[in-house]
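Residue numbers (UniProt numbering), protein chains in the order written: chain V, 1 to 601; chain S, 1 to 248.
Honestly, the hints are just simulated from the structure, not real lab data.
Here the structure is a predicted model, which means the values were calculated and not measured.
C-beta atoms are modelled at their ideal positions from N, C-alpha and C, and glycine is treated no differently.
Don't take each hint at face value.
[Unchecked claim] Taking beta-carbon pairs under 10 Å as the criterion, some of the chain V residues facing chain S (in silico):
(1) 79
(2) 88
(3) 461
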Amino acid sequence: MATEEKELLRGGQFLVKETKCEDVFTLEDLTEEHKMMRDSTKEFVDRELWAHWERFEKKDYAYTEETMRKAGELGLLSIAVPQAYGGMGMGFVSTMLVCDYISGATGSFSTAFGAHTGIGTMPITLYGTEEQKQKYVPKLASGEWFGAYCLTEPGAGSDANSGKTKAVLSEDGKHYSISGQKMWISNAGFCSVFIVFARIEDDKNITGFIVENDPSNGITLGDEEKKLGIHSSSTRQVFFNETKVPVENMLSTRGNGFKIAMNALNVGRIKLAAACLDAQRRVIGEATNYANERLQFKTPIMNFGAIKAKIANMATNCYAGESASYRAAKNIEDRIALREAAGNTHQEAELKGVEEYAIECSILKVAVSEDVQNCTDEGIQIFGGMGFSADTPMESAWRDARISRIYEGTNEINRMLAVGMLVKKAMKGHVDLLGPATAVGEELMGIPSFDAPDFSELFAEEKDLIKRLKKVFLMVAGSAVQKFGPELENHQQLMLSASDILIEIYMAESTILRTEKNVKRSSEDAQAIQIAMSKLYLYTAVDTIVQKGKEAVVSFAEGDEQRMMLMGLKRFTKYTNQPNVVALRTQIADKVAADNGYTFS
Amino acid sequence: MKILVCISNVPDTTSKINFTDGDTKFDTNGVQFVINPNDEFGLTRAMWFKEKQGATVHVVSVGGPTIDPTIRKALAIGADEAIRINAEPTDGFFVAQQLAEVVKNGDYNLVIAGRESIDYNGGMVPGILAALLDMNFVNTCISLEIDGENATAQREIDGGKETLSTSLPLVIGGQKGLVQESDLKIPNMRGIMMARQKKLTVVEPVDALNATQETKFEKPAAKGAVKLVDASNVDELISLLHNEAKVI
Ligand SMILES: Cc1cc2nc3c(=O)[nH]c(=O)nc-3n(C[C@H](O)[C@H](O)[C@H](O)COP(=O)(O)OP(=O)(O)OC[C@H]3O[C@@H](n4cnc5c(N)ncnc54)[C@H](O)[C@@H]3O)c2cc1C
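Chain S with its partners taken away, still in its complex shape (with noise of 0.2 Å):
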């Protein structure tokens, strides 16, 4: 099994949220990033099948030289080789379209991707890598078992589960549950040392198109001070809510 595992690098979520350039670019001055939580629940599964059956595991970014240090971290928990692909991750569409041609070149018959990146939360990368790769495809999923050529998933669903079988090649959308946060790996000092002499291919990008164009970025209002009104005086709360609040 050879599965390419797809890595977005985002904001660690304590991270302060500012927007430079007449609000329409993200500012990262000062921005720690991480390996996307929900594409590190597919690493740490892609590392259970490297161990138990013997799978390769690659993992691809796009992404500017800076974002190195966070696919190397995927290198020193065990990923056996990195691609890089050249080029700032516009939207969602010119992800899709780059990493497709990733997966074309590279043989891989599963592909990890996060059900959605914590930054942008467009969670449309997978759908459309699976639709331009004509591959089967899971979202949202916890769950994941290969046998040979098979595969059982677990999907999410609205008040539930729902059990899938499919079969490779195989493109799907993870999310916790396929491990839980506790099986997340910390890098050991061995294979942060390893990570050093694995193999991290750089690409340049091909042609692709973006779908979108962000325009403006509005954070959310800032919340007022709390006001709190004695338990006895109902008249005052009913005021408020009528005449500040408009709620009733």
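Next up, chain V with everything else stripped away, as it sits in the complex (with noise of 0.2 Å):
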């Protein structure tokens, strides 16, 4: 087991260890159970929801709940949830392919979904004591009863720690009472179960509790908010008005209430994460059939070359998304299977799985999240006119997708949260950066090798390249800590270029290692299309950290120590061979176009 634990890579790793195309877990591993999962949640959402999709448009919050109910029915609020309490206890993958396949039609019923089978129940089988699990756990994972998270207030939103709810213990001990305001509240409307947290006295940190919706204990809710999108997601204030809570209904201990929010929001996070796939899927293919049926100049516009690269982009990003969070998830679930081996309990194994890799779970948030709002917004280009009418699908698509860039933690707050937390690892010796930082600065000085590489085999120069990508973060971040120490938060802009960084060498890599290893186990031809995305993706990812790269550098750096990066940003951005984009793209864009759709999961 030991040596095992060593194999696996610790969170934030990737960037200074060699991953091998074997050791990442790809759709294309997916077992014959996980498919059935997938084309079951598949045919739940095209019957119940796709179907129906005009009623999510026009503010039908019964029909939320009431698909939401079947959902249970079927099994799919309690994937993740331990057998002990009426779950299914599957793995980390089988709960992230439910929450991606379950959550492209519309953004209602996945906020919904991910609301209530994230924030809203995580809390309670991460942190509840035993009578807490039996009590709440069975019937939020059926259905039978929905949860909602009220953290947001509306004097703390991102600065989540600062909220003025009050929790007050009784003179005989026994309750708490809660006062307060709460703010965006999915799922207000229909729950039975608050996460709620609160401060008692003037304690640094907040603290969690679960609080049963019962009108009568001083409970109420706000009107819906009118919102842009996801309009039949209900969305609400709660109002606690001296709301008595038994003692024993908190959650984990005083003061821990921030970091049960925290993590809550880590697997909130890689789940968002997943819940922006399938939104990409449904839309290449909808806005690819679009474009092959509708004729300008006497031609599909499909074939027009604006329209291919638009196309070619979205497909690859799909791409790049799906390789990164699946590689993540699986990591999710050998680390929990490994602590569970080394004899922590399931709820521990889970927690601190999950915590391990809560920078990869941060960068794919903010990642496959503005993936999914580039796609829909091509996705109404390419419908032209008929793509700004609400009588298609685009025009709900683009303002649902909009959402997942704020909630769950911002996606500057994200930003800074994946260069933040790499830094504090490598600080705790978690990660070793400054041993490959020194080597990096070392390099610099150095005279560069003259010798022409071979990257005759496939995809040896983009792996090199990845090598070097992440010599370009070692340098820049290496540089900045050195220069500012625990100032560095301070200077945002430079943290989030390093943090642009970062997230496009995850992306780019984990699309390069899904490739290589399909074409390992079929041929360069068979994976033709996908060699050309991760050409693609690697290609668009250089330009990025190009341009990240020196505005980082120009920020803190001068003269020769800044003549000195930026020397080594090009020689670490630099193609011996320059791809062809062009003709990718069109490659990428006519496969999608014979398809008619994305068909590469």
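These two chains come separately, so use the hints to put the complex back together.
Printed below as a string of structure tokens:
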């Protein structure tokens, strides 16, 4: 076991250790059981959600609740819940798969589903006492009850630990009295249980509580918020006025609420990434179908290079999102299994397993939520005026996609977290960044090798580039940490640039590894389009990294140091053989057009 | 009541159809396989008998290991056990002989097959099967009630319905109507998990002959482009219909 533990990459370690393609999990590795779950989920979505798409647009909150109950009957709400509490106790990959395929039809259902199964249920399964779990989890797993998560307040959004909601212990010590105002609470309109975060006395950190929804106990709801998208997801304010909560309903210990909130969000973030995948597949399918049929200038618009470029980029980003999401999902699943084998309870194992990959969770949340936004935006563009019409599914897909960049921690917060957590891990010695960063520093001072590398093998140049891109990050982040120390977090633009570099590395590497693995078990011919997508993704990643790298370096380095780093940047991002991205895009788009949709998973 | 549902593994209706080996074989590359829709209606009706009348439901299919996912789906939907006859289903006569062997060995009193499978649309298997077993047979069956040993079935006939009363043991060739599309079950997560533990017995085929051999497949000729004729230009329309389409 100990050796296996060593082989399994730690969170953030992808940056300094080489990952072999055999060691990544891909959507092509799904078991028969995974596939059956996926297919059931798709059938449910096609029958119950996609077929009633307008109801979700017309603020039919009752329909959201009804379909959530149906999802409960199919067992879709209990995938991640341990069997001891009425769930399926399935692995993390299964959880991600269901989350992925259930979320494509409408953001309204996706949000209701995510809020309930993730932040509405997980705090209890992860931190609840045996009694709490017995009492609440089976009902949440079956869909008899729904959960909501009350962290945000009018004055406490991104600064989630600053909430003003109070919890006061009664004189007899039997209950807490909770008072305060929570805002933007998903599922508030139909939930039975709230996870509420409140402050006891003047504690530094908030505390979590399980609060049953009982209007006679000082709980009132605001009106449904009028929103840009996810029209049938219930989002309301929740007011607590001296709501009595038995002391045994405290979650974990006093002052541990912020930790609970953050850990629930870690899981929520990677699941949100998954939840942004199927929407892309559907949008690509709809847009391709439209482009194949829409004639202008006497030809299907699909034949225009402008449209092909869009379709190719949309497919490529979707493929990259899949590659990275499932790679991380399996890391989490394996880490949980290792911890359980080492004697941790399932609860501890799951907590630690997800926490380990918090960096990857933040990376994925940002990357995939932005991909779905771009995808739906280009979807509208391909539909032209019809895309702007509320009668086609592009318009709502675009509006629904927008929320993913805001909740579960805004993308700004998650970008900062990704780099911040990595630096912290390095300081704690969990990931050795210092050694590799010093080596990069020395390389910068040395004379570069002028040997012509042999890039004849598939992906040889791309993998070499990935290695060098990692050096860009180490160079930028390493010098920035040296320069600013703990003050680094106050240099946000620099942090954001570093984060974009980190994100692109993870996404590009995951994409190449997935394709490489599949080539090894089929052939380059069979994977021709996936190879093209991997190359195209890397090309755009390199572009971003050049731009962000420059911005970062110039912001804090001057004179010789600056010159040296800019030279390094050039060297580390250099292609020996420039890929012909126009040809790559055409090749990809032609395949998507021929298949009339995204057929790579 | 012990029911055997015969399941055929067929390409999804949206599949692109191509042929290989000089147009003698169906190209399965990239094709999604599903439970034959007519069989799924039958399976769903069988599940109803299981839930309401305590029937035992087994499923059987003829094919290699690649059809296991389809069989497992039937188990996930709720069948109790499955049998796979390990042979390529080369023609209807061959398949019926294989199925007959399973029915004989298994003591089934109701055999539900689909009216036809949507791949080759032979429509022969249930009839041949009933003949081989010397059982009562109702084809194109759109409704089935069982009371003890008595069965009441409805058949679709030209322009209407026919109600029949018959008795077990019985073979039916089922289709939509046995249940409606909205009754079809999506395998639930527990069912999927339980399918893993259910018995899937693989049996070797008995010696049997084929009655037919596939020699060639042809796709319908591709449709040509549509010609639009101006409404005022009747002469041109007539000329096109006469000279090009040769229909008048
Ligand atoms: C539809 C919807 C559903 C929601 N569901 C829930 C729910 O179920 N439960 C729940 O508790 N909450 C929920 N939320 C709240 C959501 O999590 C918050 O809106 C989000 O965390 C941002 O907080 P805020 O809106 O107060 O924005 P603010 O924190 O005010 O942020 C405004 C802007 O400032 C930026 N910003 C803030 N702080 C920093 C910083 N330190 N550095 C750099 N930039 C910063 C942000 O990135 C953002 O761009 C929901 C929100 C919406 C819109």
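Outcome of the hint check:
With a cut of 10 Å, the hint placing residue 79 of chain V at the interface with chain S holds, because the nearest CB-to-CB distance is about 6 Å. With a cut of 10 Å, the hint placing residue 88 of chain V at the interface with chain S holds, because the nearest CB-to-CB distance is about 5 Å. About 30 Å separates the beta-carbon of residue 461 of chain V from the nearest beta-carbon of chain S, more than 10 Å, and the hint is not met.
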